[in-house]
Amino acid sequence: EDQVTQSPEALRLQEGESSSLNCSYTVSGLRGLFWYRQDPGKGPEFLFTLYSAGEEKEKERLKATLTKKESFLHITAPKPEDSATYLCAVYLGGGYNKLIFGAGTRLAVHP
Amino acid sequence: EAQVTQNPRYLITVTGKKLTVTCSQNMNHEYMSWYRQDPGLGLRQIYYSMNVEVTDKGDVPEGYKVSRKEKRNFPLILESPSPNQTSLYFCASTNRGDEQFFGPGTRLTVL
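Line by line, the protein sequences are chains D and U. Under the numbering used here, the first residue of the first sequence is numbered 1, with each subsequent residue one higher. Under the numbering used here, the first residue of the second sequence is numbered 1, with each subsequent residue one higher.
Hints listed in this document are in silico derivations from the structure and should not be mistaken for laboratory results. Backbone N, C-alpha and C fix where the C-beta goes; we use that ideal spot for every residue, glycine too. Any given hint might turn out to be false.
Unchecked claim - Taking CB as the label site, the calculated pair distances span:
#	chain 1	residue 1	chain 2	residue 2	range
1	U	P104	D	R106	18 to 24 angstroms
2	D	S28	U	I77	30 to 36 angstroms
3	U	L41	D	S28	19 to 25 angstroms
4	U	E62	D	G41	24 to 30 angstroms
5	D	S19	U	I77	41 to 47 angstroms
6	D	S83	U	P39	14 to 20 angstroms
7	D	D39	U	G40	16 to 22 angstroms
8	D	H110	U	N26	37 to 43 angstroms
9	U	K57	D	V27	17 to 23 angstroms
10	U	E70	D	A10	40 to 46 angstroms
11	D	S28	U	E99	21 to 27 angstroms
12	D	T76	U	T20	41 to 47 angstroms
13	D	E17	U	V54	46 to 52 angstroms
Could you put the whole structure together from the sequences, leaning on the hints where they help?
Set out below in structure tokens:
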């Protein structure tokens, strides 16, 4: 069965304390992996798409990487405004909208 | 402004009373989806549509109906809501299957 697992469920960091969020997947035929940010009471906001193992993408303090079994979202010197839930999703192709989401990691960054 | 809108944003109803949640996008996207989000389970796809009059089931379609008569609109219909359909619902659209634009969400409570 296709599955996406995110860890940890929740993470508390001090401002400036770098860390990584993990998204591991067991799927057949990965076509792409997405990272989203979700603020309380809002819809997810797109961050990155990764298509192949070894690919990396960066945006401000965030950097996403992809291997054959997992993806990491690295957060460098986080600020309180980075506090949110981070979701990853895998795209399996076929039905064009077929995405499987992980349950998310709730990140809290304290000053 | 490019956006996905949903109405209503909040709804409290009773078991068995038919309801419709509307979704509209102004980006001329071909692909639209409905998701529900429950604590610890992440986003789960209910239905998706690849174009007008083309819809297909996602992972949790039971108890829901959709229609796609116009490209911009993709309403979600609950013909006989039950308490287990209490959830946070998101509509999303995309043109390419990667960057999905999500609506602001509809919080539904079924008593």
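Each hint tested on the structure:
{"no.": "1", "hint": "U:P104 x D:R106: 18 to 24 angstroms", "result": "holds, 20 angstroms"}
{"no.": "2", "hint": "D:S28 x U:I77: 30 to 36 angstroms", "result": "holds, 32 angstroms"}
{"no.": "3", "hint": "U:L41 x D:S28: 19 to 25 angstroms", "result": "holds, 22 angstroms"}
{"no.": "4", "hint": "U:E62 x D:G41: 24 to 30 angstroms", "result": "holds, 27 angstroms"}
{"no.": "5", "hint": "D:S19 x U:I77: 41 to 47 angstroms", "result": "holds, 43 angstroms"}
{"no.": "6", "hint": "D:S83 x U:P39: 14 to 20 angstroms", "result": "holds, 18 angstroms"}
{"no.": "7", "hint": "D:D39 x U:G40: 16 to 22 angstroms", "result": "holds, 19 angstroms"}
{"no.": "8", "hint": "D:H110 x U:N26: 37 to 43 angstroms", "result": "holds, 38 angstroms"}
{"no.": "9", "hint": "U:K57 x D:V27: 17 to 23 angstroms", "result": "holds, 19 angstroms"}
{"no.": "10", "hint": "U:E70 x D:A10: 40 to 46 angstroms", "result": "holds, 41 angstroms"}
{"no.": "11", "hint": "D:S28 x U:E99: 21 to 27 angstroms", "result": "holds, 24 angstroms"}
{"no.": "12", "hint": "D:T76 x U:T20: 41 to 47 angstroms", "result": "holds, 45 angstroms"}
{"no.": "13", "hint": "D:E17 x U:V54: 46 to 52 angstroms", "result": "holds, 48 angstroms"}
Violated hints for the displayed structure: none, as all numbered hints are satisfied.
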